[in-house]
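**Student:** Generate coordinates for the entire structure from the input sequences, incorporating the hints supplied.
Residue numbers for the sequence shown follow the working numbering, so the first one is 6 and each next one is one higher.
These are calculated hints, taken from the structure and not from any lab test.
Be aware that one or more of the hints could be misleading.
Claimed, not checked - So the derived label-pair ranges between C-beta atoms look like this:
hint	residue 1	residue 2	range
1	17	134	52 to 62 Å
2	307	134	20 to 30 Å
3	213	16	32 to 42 Å
4	276	132	36 to 46 Å
5	111	276	54 to 64 Å
6	86	17	43 to 53 Å
7	343	296	12 to 22 Å
8	296	17	42 to 52 Å
9	109	131	41 to 51 Å
10	109	343	55 to 65 Å
11	73	232	41 to 51 Å
12	53	14	27 to 37 Å
Everything numeric in this text was worked out from a predicted model, so none of it was measured.
Virtual Cβ for every residue (Gly too), placed ideally from N, Cα, C.
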Amino acid sequence: MKRLAKWRLFPLLSAVALILSGCGEPYLSALRPAGEVAERQYWLMKLSTGIMVVVILVVTIIFLIVLFKFRRKHDGEIPKQVEGNHTMEIIWTVIPIVLLLILAVPTVAETFHLADVKPMDKKNKDGTRDALVVNVRASLYWWEFEYPDQKIVTSQELVVPTDEKVYFNLKGSDVKHSFWIPAAGGKMDTNTDTLNKMWLVFDSKKAEEAGDLFYGKCAELCGPSHAFMDFKVKALPRAEFDKWVASMQDVKEPVKAETADAQAGQEIFNKSCIGCHAVTPANTTPEAARKGPNLTNFGDRTRVAGILEHDEENLKNWIKDPEKYKPGNLMSGAYGELEPEQLDQLAAYLMGLKVQD
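**Tutor:** Structure representation (structure tokens):
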């Protein structure tokens with residue numbers, strides 16, 4: 006009876022899992038595609054799932070027919086013995102081949118189409134490109150985004166224009182990670198010894214539905230804080246994206262602190278934090294020297310450390326004890342303890358790092 010009671014839970018848990026699988030938001034679901042790449046991959050998913058469902062239904066129907074029609078009706082009765090049927094052998098050999106071709110041909114075609122990144126290598130006479138290229142660097146446990154043609158670097162929030170191809174160079178600085186924006190397309194590894202390339206498109210209508218904000222994360226187990234290695238994607242119309250780029254390019258030196266607390270916080274920052282965190286977007290700093298996320302536009306962001314709500318209280322909690330939120334991160338224990346007043350001052354300075362009105 007106890008075993009029976011446990012088995013009764015199985016249908017309930019299955020129903021709950023089925024219901025929860027339909028939950029999600031448009032900015033983080035791979036089943037709600039928000040761009041060309043995601044649409045193509047979603048179509049392949051539906052095609053393969055449809056083929057599998059048809060095969061299961063056909064096999065199940067045949068099984069039930071055989072089970073009931075040809076079951077033994079009387080003791081001692083021996084069913085008719087049939088050995089070999091060339092027609093049936095041909096059918097059950099040809100059908101799987103046809104199904105595989107139906108699945109393989111579009112899959113191979115889409116693979117080659119999605120792997121075409123030649124436009125990102127075409128440069129004009131002045132060395133710039135018509136295509137937008139972003140160098141993505143993954144580190145434990147944060148993301149850096151460099152726009153080489155625009156000569157700016159930012160981190161934790163990727164900003165892209167909608168309705169056009171955005172090309173990515175992907176690499177890791179320490180261990181293998183994986184770059185994944187579920188709503189925009191499938192994941193791709195960021196390796197330390199090889200460079201992977203891909204492109205994505207962010208649909209303007211879907212971006213508007215999602216509030217211009219999509220969700221990205223690491224999809225490769227990389228350490229104790231793998232689950233918290235998140236980033237956000239701001240998908241903006243081209244005009245707004247250009248405005249953001251211009252705002253970042255206008256920052257030639259760190260944003261000046263305005264209040265007394267912010268000025269005191271800037272002094273603390275310059276003594277303790279600037280060795281790892283830059284507060285200007287220029288990409289002249291050698292890559293090896295970029296040990297922590299770029300904070301040029303920290304005050305404009307939507308998350309602290311990629312996972313916490315963007316407010317001073319969460320920022321102070323993060324600075325005070327980063328190990329609590331991201332175990333194993335490089336910032337843990339690096340700067341010693343700050344007095345509550347110093348935390349307030351440092352938070353005031355960082356929240357004031359804004360490049361947009």
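**Student:** At the C-beta level, are residue 296 and residue 17 separated by a distance inside 42 to 52 Å?
**Tutor:** holds, 50 Å
**Student:** Holds or violated: 27 to 37 Å for the Cβ distance of residue 53 and residue 14?
**Tutor:** The hinted range 27 to 37 Å holds for residue 53 and residue 14, with Cβ atoms some 31 Å apart.
**Student:** Quick check on a hinted range of 36 to 46 Å for residue 276 and residue 132, using CB atoms only.
**Tutor:** Cβ of residue 276 to Cβ of residue 132: about 38 Å, so the range 36 to 46 Å holds.
**Student:** Could you see if the CB distance from residue 17 to residue 134 stays within 52 to 62 Å?
**Tutor:** Hint holds: Cβ distance 55 Å, inside 52 to 62 Å.
**Student:** Quick check: does the Cβ-Cβ distance between residue 111 and residue 276 fall within 54 to 64 Å?
**Tutor:** Holds - the Cβ-Cβ distance for residue 111 and residue 276, about 59 Å, lies within 54 to 64 Å.
**Student:** With 32 to 42 Å as the target window, see if residue 213 and residue 16 comply at their CB atoms.
**Tutor:** The hinted range 32 to 42 Å holds for residue 213 and residue 16, with Cβ atoms some 40 Å apart.
**Student:** Could you tell me whether the CB distance from residue 307 to residue 134 stays inside 20 to 30 Å?
**Tutor:** holds, 29 Å
**Student:** Residue 73 and residue 232, beta-carbon distance inside 41 to 51 Å?
**Tutor:** Roughly 49 Å apart at Cβ, these two residues keep to the hinted range, so it holds.
**Student:** State, for the Cβ atoms of residue 109 and residue 131, whether the hinted interval 41 to 51 Å holds or is violated.
**Tutor:** The hint (41 to 51 Å, Cβ to Cβ) holds, given that residue 109 and residue 131 are roughly 44 Å apart.
**Student:** Within 43 to 53 Å: is that where the Cβ-Cβ distance between residue 86 and residue 17 falls?
**Tutor:** About 46 Å separates the Cβ atoms of residue 86 and residue 17, which means 43 to 53 Å holds.
**Student:** State, for the Cβ atoms of residue 109 and residue 343, whether the hinted interval 55 to 65 Å holds or is violated.
**Tutor:** At 59 Å between Cβs, range holds.
**Student:** Hint says 12 to 22 Å; check whether the CB-CB distance for residue 343 and residue 296 agrees.
**Tutor:** Holds, at about 19 Å.
The structure shown violates none of the earlier numbered hints.
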